[in-house]
Amino acid sequence: MSSLSGAIPFPATKDGTRARTRVDHRNSEEAALVRRVQARDEMAFREIVERYQAKVFSIIYGILRNRNDAEDIAQQVFAKIYFSIRNFDFRSSLLTWIYKITVNECYDYLRKKRVRKLVYESDFSAEDAQRMEASDPAVDPKTPVDVRLAQRDLIVKLLSKVSEQDRSLILLKEVNGHSVEELAAMTGLNENTIKVKLFRTRQKLLKAASRLTRVRTTAN
Amino acid sequence: MHRLVRDHIEDIVAGVESASVTAHLKACAECQSDVTAMRAQSAALRELRAANDAEPRPGFYARVMERIEAQGPASIWSLFIESAFGRRIAVASLALALLLGVYVISSERAVDQPIVAGQQAQPAVVVGEDAPGRVITQMSGNQSSNDDVLVNLVTYQEQ
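Protein chains in written order, with the working numbering: chain A, 1 to 220; chain D, 1 to 159.
For the record, the hints were derived by calculation from the structure and aren't laboratory data.
Check the hints yourself; a few may be wrong.
Only pairs whose alpha carbons sit at most 30 angstroms apart, straight line, appear in this in silico DSSO-like list of lysine-lysine [claimed, not checked]: (1) A:K157 x A:K55; (2) A:K207 x D:K26; (3) A:K204 x A:K161; (4) A:K80 x A:K55; (5) A:K112 x D:K26; (6) A:K161 x A:K112; (7) A:K80 x A:K100; (8) A:K197 x D:K26; (9) A:K207 x A:K80.
To spell it out: a stretch of chain A is covered by chain D in this simulated footprint if at least three of its residues, at any positions, have a beta carbon under 8 angstroms from a beta carbon of chain D; those stretches are [stated by the list, open to error]: (10) 26-37; (11) 50-58; (12) 91-104.
Please read these numbers as outputs of a predicted model, since none were measured by experiment.
The beta-carbon is built from N, C-alpha and C at its ideal position, and this holds for glycine as well.
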């Protein structure tokens, strides 16, 4: 793959102007909720937990594929949110902030446990296999589950090679299905920056994959 | 990768291709190979999607609150105790403080006795007496001849 020079001249967006999506995260209904939590309003915190628990859990479960670990890490994510919400500065949406904490917690967990093989036979039941088969219609269902698991493990490993921000962004795009416009609104970055970041992350992942393949070939 | 492809890569990996992109991909093997790799990568990323029913067990909020109560407000010391990086910083700071302490103590001693120590280390040696009361001395070690002259002048006694 050809390398890119410093600044990539990505085109303007569909309407012909350079998009600068600025969403005021300070004056939303969500911001009011955050301020209540910052003032230690427990009901507001409960609302945040109930609003985001499914999303947080599914992000973690998507990466780890283990319900017990997902539950444990989801609890830790909300505990972290509770203790650090005072530092939330409204530069991004609350979801983006929570997403970043969630993905970081997953990778901290993987680092601490030094999990090389993410899915063990004991963790992965027939029920999980069925869930995985049904999880995404975009993925070719003809691909055997073990091949898909190997691909999944590889991509989790590759994601650890890119920065936190790049990782969150590509996951929000590919896993949560947010559009470039939505990502711009969520992060406060403009659409072209989002496109450049996504493209560079894709390139980094491909480079990391080819490096890993070379290492494995050399080792064998 | 050709700019046309690069500019529309998000659409392309999502399976949306304009006629111009399709035509370019047919003609350019390099771009086609890159797009194939990025599409495969995108499919692998989508494998991380959890099933729609992935939700925590009932009573999740109560368990979160239990954990929060168990953890309590994080103290400043927990930064150093709980994280490996914090522990490294703490050890490095202690080592630095120790080194500074040793340096300060040793430099204070050096300030107290700088000249005396030099004189004691290399005393003048009496080598003879050419006349009563007139002592001839020679400096030991690597002191300069200027020092020899000074010592002789100091010890000179008129007959």
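Now for the hints, and whether the structure bears them out:
| no. | hint | verdict |
| --- | --- | --- |
| 1 | A:K157 x A:K55 | 22 angstroms, holds |
| 2 | A:K207 x D:K26 | 24 angstroms, holds |
| 3 | A:K204 x A:K161 | 8 angstroms, holds |
| 4 | A:K80 x A:K55 | 16 angstroms, holds |
| 5 | A:K112 x D:K26 | 46 angstroms, violated |
| 6 | A:K161 x A:K112 | 16 angstroms, holds |
| 7 | A:K80 x A:K100 | 12 angstroms, holds |
| 8 | A:K197 x D:K26 | 27 angstroms, holds |
| 9 | A:K207 x A:K80 | 33 angstroms, violated |
| 10 | 26-37 | violated (count 0) |
| 11 | 50-58 | holds (count 5) |
| 12 | 91-104 | violated (count 0) |
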